[in-house]
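Residues per chain are reported as follows:
There are 2 protein chains.
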Amino acid sequence: MSKKPSLYTSLSPALLHLYDISNSVVVVIDILRATSTITTALYNGAKEVIPVDSVSRCIEIGKHVSGITAGERDGKIAEGLSYGNSPFEYPEEFIKGKTLVLTTTNGTKLLHMALDKGAKEIIIGAFTNLSSVCNHLLEMKKDVMLACAAWKDRVNLEDTLFAGAVVSKVKEHFDINCDSSHMAESLYNVGKSDLYEFLKSNDASHYHRLTGFGLEKDIRYCLTEDVADILPVYIDGKLIIE
Amino acid sequence: MSKKPSLYTSLSPALLHLYDISNSVVVVIDILRATSTITTALYNGAKEVIPVDSVSRCIEIGKHVSGITAGERDGKIAEGLSYGNSPFEYPEEFIKGKTLVLTTTNGTKLLHMALDKGAKEIIIGAFTNLSSVCNHLLEMKKDVMLACAAWKDRVNLEDTLFAGAVVSKVKEHFDINCDSSHMAESLYNVGKSDLYEFLKSNDASHYHRLTGFGLEKDIRYCLTEDVADILPVYIDGKLIIE
Numbered sequence: 000m001s002k003k004p005s006l007y008t009s010l011s012p013a014l015l016h017l018y019d020i021s022n023s024v025v026v027v028i029d030i031l032r033a034t035s036t037i038t039t040a041l042y043n044g045a046k047e048v049i050p051v052d053s054v055s056r057c058i059e060i061g062k063h064v065s066g067i068t069a070g071e072r073d074g075k076i077a078e079g080l081s082y083g084n085s086p087f088e089y090p091e092e093f094i095k096g097k098t099l100v101l102t103t104t105n106g107t108k109l110l111h112m113a114l115d116k117g118a119k120e121i122i123i124g125a126f127t128n129l130s131s132v133c134n135h136l137l138e139m140k141k142d143v144m145l146a147c148a149a150w151k152d153r154v155n156l157e158d159t160l161f162a163g164a165v166v167s168k169v170k171e172h173f174d175i176n177c178d179s180s181h182m183a184e185s186l187y188n189v190g191k192s193d194l195y196e197f198l199k200s201n202d203a204s205h206y207h208r209l210t211g212f213g214l215e216k217d218i219r220y221c222l223t224e225d226v227a228d229i230l231p232v233y234i235d236g237k238l239i240i241e
Numbered sequence: 000m001s002k003k004p005s006l007y008t009s010l011s012p013a014l015l016h017l018y019d020i021s022n023s024v025v026v027v028i029d030i031l032r033a034t035s036t037i038t039t040a041l042y043n044g045a046k047e048v049i050p051v052d053s054v055s056r057c058i059e060i061g062k063h064v065s066g067i068t069a070g071e072r073d074g075k076i077a078e079g080l081s082y083g084n085s086p087f088e089y090p091e092e093f094i095k096g097k098t099l100v101l102t103t104t105n106g107t108k109l110l111h112m113a114l115d116k117g118a119k120e121i122i123i124g125a126f127t128n129l130s131s132v133c134n135h136l137l138e139m140k141k142d143v144m145l146a147c148a149a150w151k152d153r154v155n156l157e158d159t160l161f162a163g164a165v166v167s168k169v170k171e172h173f174d175i176n177c178d179s180s181h182m183a184e185s186l187y188n189v190g191k192s193d194l195y196e197f198l199k200s201n202d203a204s205h206y207h208r209l210t211g212f213g214l215e216k217d218i219r220y221c222l223t224e225d226v227a228d229i230l231p232v233y234i235d236g237k238l239i240i241e
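Chain order of the listed sequences is V and C. Take the first sequence: its position 83, counted from the start at 1, is 82 in numbering that gives the first Met the number 0, and no numbers get skipped. Take the second sequence: its position 23, counted from the start at 1, is 22 in numbering that gives the first Met the number 0, and no numbers get skipped.
FYI, nobody ran anything at the bench for these hints, they're computed from the structure. Treat the hints with care, since some could be wrong.
[As the list claims (entries may be wrong)] In silico DSS-like links for lysine-lysine, alpha-carbon gap of 27 Å or less:
1. V:3 <-> V:141
2. C:116 <-> V:151
3. C:191 <-> V:168
4. V:2 <-> C:191
5. V:116 <-> C:108
6. C:191 <-> C:151
7. V:151 <-> V:75
[To be verified] To spell it out: a stretch of chain V is covered by chain C in this simulated footprint if at least three of its residues, at any positions, have a beta carbon under 8 Å from a beta carbon of chain C; those stretches are:
8. 71-85
9. 170-182
[Said to hold, decoys possible] Estimated spans, in silico, between C-beta atoms of each pair:
10. V:213 <-> C:19: 26 to 36 Å
11. V:208 <-> C:216: 24 to 34 Å
12. C:167 <-> V:170: 23 to 33 Å
13. C:55 <-> V:78: 54 to 64 Å
14. V:65 <-> C:167: 49 to 59 Å
15. V:111 <-> C:16: 17 to 27 Å
16. V:3 <-> C:56: 23 to 33 Å
17. V:138 <-> C:199: 30 to 40 Å
Even for Gly, the Cβ is constructed at its ideal location relative to N, Cα and C.
So that you can see chain V by itself, here it is in the shape it has in the complex (with noise of 0.2 Å):
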């Protein structure tokens, strides 16, 4: 019998130094809400998605690439850009065939943190695309990092539970040597019958930061399974469908 290839869960990107990702798919998490908005807007059909790490990063690739800029700092559109962090200000009609330069601080921090460690393959997961995201790693047969993008290096509670989400679904396929994987999977089947309701029973840190921005919507929409369901790569800079 042929060994299973390893699955890890890193809760926070101040963990992901302790694991060697050079032979794994690297699953980027950032449940509220870059990697939610991602998928949906690649969904919708944009042409890419290239995340930067700065709002002046964000303004200087968005003039090269005649790309629509977007981030939010606070809860309200960055200065200097166009659009905010909303899966909802991406529909088809509006993202279609366009370039989407987005500035996120976790999400792109950790993408550049696995790159830097030499990940084989990363790759983007939200509850959105949770489908894909599964049948990608069942297909690789590789080994395996949910890397969560937490909040400033704080542990968060929705990215934890899409990476038990994750290990829920694909777990008889991986060897699985990793706490923190079994307390996300263990998180998610307590939470997964109204995964809303657990975020706001849970006192949730974004959950509140997030209703506070009147954003209950977008909340429950990122957690949704399937609404936006394909798989976004990051290939020389962007990330696009494959």
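Got chain V sorted already, so can you dock chain C onto it with the hints?
What follows is chain C alone, placed relative to chain V:
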């Protein structure tokens, strides 16, 4: 109404730097088995426990204080030391009145980090002294950091479960804006009816490692609430009952 003190959980020493603990009571948590053994030795009458981070230092200090040297590497008593990490090695008839010099890697490292970061007070927490820890935190009315020792910085299930046990018992009296704390409590609520079975069914890495060494009895003991219900406090390099 006066503001409640804050409570945070750091799931790994690699996350502790994210928090300001200069006004906090830090609870050092290393369930399998350092903090369980420390509470047990003190409960059984040890004069003090000196935690050290290396075998050589353990030998050196052991000579200096005429203490009992203890510590394991890979499940065996480390060369040059006299005893191991099991709480069952320290019954009253053996340990009463003596100084135990204990080398633990994860727990001692964490304790020194907390010291370096200027923690207000450092105490030792385990299921074996859960009530004493909770009562102390409720009496102090200060900010709290539940600091998990983890395993080589990787998050582990048993330390997280203990953090969750504390959260579940004190949460009404603290302001908890920390997803790790809520996650820990949620996991504890799932597992609390049979923590041993929960570790086993979640394939916890430490459960695996220790049962491989024939230590099921140790694990069961380390998951038993209040069997050594005293409060070890770190003062001037030593853990004592205050």
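Hint check:
As the CA atoms of residue 3 of chain V and residue 141 of chain V are separated by approximately 9 Å, the hinted pair is consistent with the 27 Å bound. Simply put, residue 116 of chain C and residue 151 of chain V have alpha-carbon atoms about 19 Å apart, close enough for the 27 Å limit, and the pair holds. A C-alpha spacing of about 25 Å is found between residue 191 of chain C and residue 168 of chain V, which places the hinted pair at or below 27 Å, so the restraint holds. The hinted pair formed by residue 2 of chain V and residue 191 of chain C fails the criterion: a straight-line CA distance of about 34 Å is larger than 27 Å.
Of the pairs offered as hints, the one joining residue 116 of chain V and residue 108 of chain C holds, with about 26 Å between alpha carbons and a cut-off of 27 Å not exceeded. Distance check on the hinted pair: residue 191 of chain C and residue 151 of chain C sit about 25 Å apart at the alpha-carbon level, within 27 Å; holds. For the given pair, residue 151 of chain V sits about 18 Å from residue 75 of chain V by alpha-carbon distance, which is consistent with the 27 Å threshold. For the region 71-85 of chain V, the assignment as covered by chain C is violated, since 0 residues bring a beta-carbon within under 8 Å of that chain's beta-carbons and 3 are needed.
Counting residues of the region 170-182 of chain V whose CB lies closer than 8 Å to any CB of chain C gives 7, so the stated coverage by that chain holds, three being the minimum. The supplied range of 26 to 36 Å is met by residue 213 of chain V and residue 19 of chain C, whose beta-carbon atoms lie about 30 Å from each other. Residue 208 of chain V and residue 216 of chain C have their C-beta atoms about 46 Å apart, which leaves the hinted 24 to 34 Å range violated. Between residue 167 of chain C and residue 170 of chain V, the C-beta spacing of about 27 Å keeps the proposed range 23 to 33 Å intact.
Remark: the range hint 54 to 64 Å for residue 55 of chain C to residue 78 of chain V is upheld by a beta-carbon distance near 57 Å. Distance hint check for residue 65 of chain V and residue 167 of chain C: the Cβ-Cβ separation is about 54 Å, which falls inside the suggested range of 49 to 59 Å. For residue 111 of chain V and residue 16 of chain C, the hinted distance range of 17 to 27 Å is satisfied, since their beta carbons lie about 20 Å from each other. As the Cβ distance of residue 3 of chain V to residue 56 of chain C is approximately 41 Å, the hint placing it in 23 to 33 Å is violated.
Distance hint for residue 138 of chain V and residue 199 of chain C: a CB-CB separation of about 32 Å, consistent with the stated range 30 to 40 Å.
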